[in-house]
Amino acid sequence: MAVATQVLQSEWTKIKSVRSTVWTLGLALVVTVALGILISALSKSNFDKLSPKERLTFDPTFTSFAGMGLGQLAMIVFGVLVVSNEYSTGMIRTSLAAVPQRGTFLFSKITIATLLTLAVSMVTSFLAFFLGQAMLGEHKASIGDPGVLRAVIGGGLYMTLITVFSMGIATMLRSPMLSLGILMPFFFLISNILGAVPATKKVAQYFPDQAGRKVMQVITLDDDAPYGPWGGFAIMVLWVVAALVGAYVVLRERDA
Amino acid sequence: MIEAVGLTKRYGAKTAVHNLSFQVRPGTVTGFLGPNGSGKSTTMRMILGLDVPTSGSVTIGGYPFAKLPNAPRQVGALLDAKAVHGGRSARLHLLSLAQLAGLPARRVDEVLGVVGLQDVARKRSKGFSLGMGQRLGIAAALLGDPQVLLFDEPVNGLDPEGILWVRNLMKQLAAEGRTVFVSSHLMSEMALTAEHLIVIGRGQLLADMTVKDFISANSADFARVRTADTEPEGREKLTAALVEAGGQVLAEPGGALRVTGVPLPRISDLAHDADVRLWELSPHQASLEEAYMRMTQGAVDYRSTADQRAGLMQADPYAQGYGYGATPPQGQGWGQPAQGWGQPGQGWGQPAPGNPYPTLTGEQPNPYAPPQPAQAPAAPPAGPSAPAAPAGAPATAPADLTKRDSEDAR
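Chains as they are written, first to last, in this note's numbering: chain X, 1 to 256; chain L, 1001 to 1410.
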């Protein structure tokens, strides 16, 4: 395990020595929290205009996470860059020449990036929740309410897993442009569109983001998904595991 | 010690490296020469375990790279000087590599001093010149104080002072008993730096010998003979007579013959005996660069009537190593790829119709190739008593050396 420790140290040096880390993670936090505050404030001022059904299904916790759809894109960029920087610069050859154990290298690298992401995601999620609830005034949820703490922690986990998923995809595709070109439209547009169209909704609800988002919801009266919050989360975990397995196989089998 | 045995790498139909066997010994600088695209970098990557050979194997100190205990302390490599994240400072780049190898941070400052980058250590490498990038790459290779060092084109982009520095560094590392394997496409540079040469072309071994041997083999005098254009059959007649007399004959562009191994007066006698009229008989010296270019152009000079047999590759070790690229003499035409050469034939491209060195019946085997691929390192390392260059030579710019002849070399 000495090698793993060495890779962890090295990867930590790499992550903190490039500016893209601060930019992407910072942007993810700011966008998620700011948009959450904005949508929460708007929701409060619009609350009186809502229909009774809409008022009944109003989920203050999930409303404060409204910025996550956009904020996760910055996380995806972080995840993609952490991995594909190695390939686009050619650094991967130097790294693998130093650590021939490719599996150790890959998973140590992903571990460091994941831990950093987890920390930032949790801060983001709690900040978005508390600041969003502050905007909602009398409609707010409390962290002690049933399911709320789970949803807030789930929000942090959701962002982390999206990032890890991106790392796995980027390892398979290698090119940053290709990875971002697939991941960004998928999570920003395609998944949402397919999830909104009734014909494809049954399939789309098993997409990693749609399934994983379930864990952030507290009030799910109008939802007919066949899984609960942790069930949805588990589906997302399966996607992430599949991406990591694919990444490992590709890295091990292909020439660097 | 790096040892490759039957190393082959195919990318689909293209063969990048074919049946390469060689040894790189400690204590000397071994030059790895070949034109661009000849498979040097692919071979380097296979040595480092980055690319998996299609067949064959390569080991360092008896281990395949992936099984090498503590690899970064045993092997250092410069593959691509630009393989650095531009946003990272030189020092942090090296620090991340040092940590990867389990080395203390002070080693980073040491190698930064060795390559002379201490003043820009905290600058982002994006702003580095090509030469500074090469120095950073060399620093990375030196980090683990390894016994085996690989450098892929280390002098690219360096100024004359930098080239001199690299040259001396390589020699010093070798003098410390390390294995130093340096690739280049410049014969002139390698003639000054290396003691041993491994030359490949189109992925195959062309020569494996000491620089000393290479120089003496290639700077030999030759005679240019031109027979009368009015008597075209005279050329073949003279070629046959010269070959019979133990000479080696190469056809030059423009119809002249390049003859080695037969002194000028004897050529004249032979021509007279064969009743062939000569329009030119002149003494010449081949430059090293020229010899190397010719060797790597794919028009390798081994030919025999047996070449045309199918399945020859298994039967004849010479044909396997050196027989491709040019067309058999009595072939059906220059442009036609030979069918009987097995898979590699696909990858070599057809010989150009205007092959500048068409071959003739009765020509000799490539005199610079080792006798058999299996016993490639035929000559022992020349040892410190035979430095590759005269003492004054390193100060000379390499451009001046492209036209070396035997006098300059020794």
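Source of the hints: derived by calculation from the structure; they are not laboratory data.
Ideal placement from N, C-alpha and C gives every residue a C-beta, glycine not left out.
One should not assume that every hint holds.
Computed footprint of chain L on chain X; a stretch qualifies when at least three of its residues, placed anywhere within it, have a C-beta under 8 Å from a C-beta of chain L [to be verified]:
#1 65-71
#2 79-90
Reference excerpt, derived from the structure (chain X facing chain L, CB under 7 Å, subset only) [said to hold, decoys possible]:
#3 6
#4 10
#5 17
#6 18
#7 19
#8 21
#9 44
#10 48
#11 94
#12 114
#13 252
#14 256
The hints, checked one at a time:
| no. | hint | in the structure |
| --- | --- | --- |
| 1 | 65-71 | violated (count 0) |
| 2 | 79-90 | holds (count 3) |
| 3 | 6 | holds (5 Å) |
| 4 | 10 | holds (4 Å) |
| 5 | 17 | holds (4 Å) |
| 6 | 18 | holds (5 Å) |
| 7 | 19 | holds (6 Å) |
| 8 | 21 | violated (10 Å) |
| 9 | 44 | violated (42 Å) |
| 10 | 48 | violated (50 Å) |
| 11 | 94 | holds (6 Å) |
| 12 | 114 | violated (18 Å) |
| 13 | 252 | violated (10 Å) |
| 14 | 256 | holds (4 Å) |
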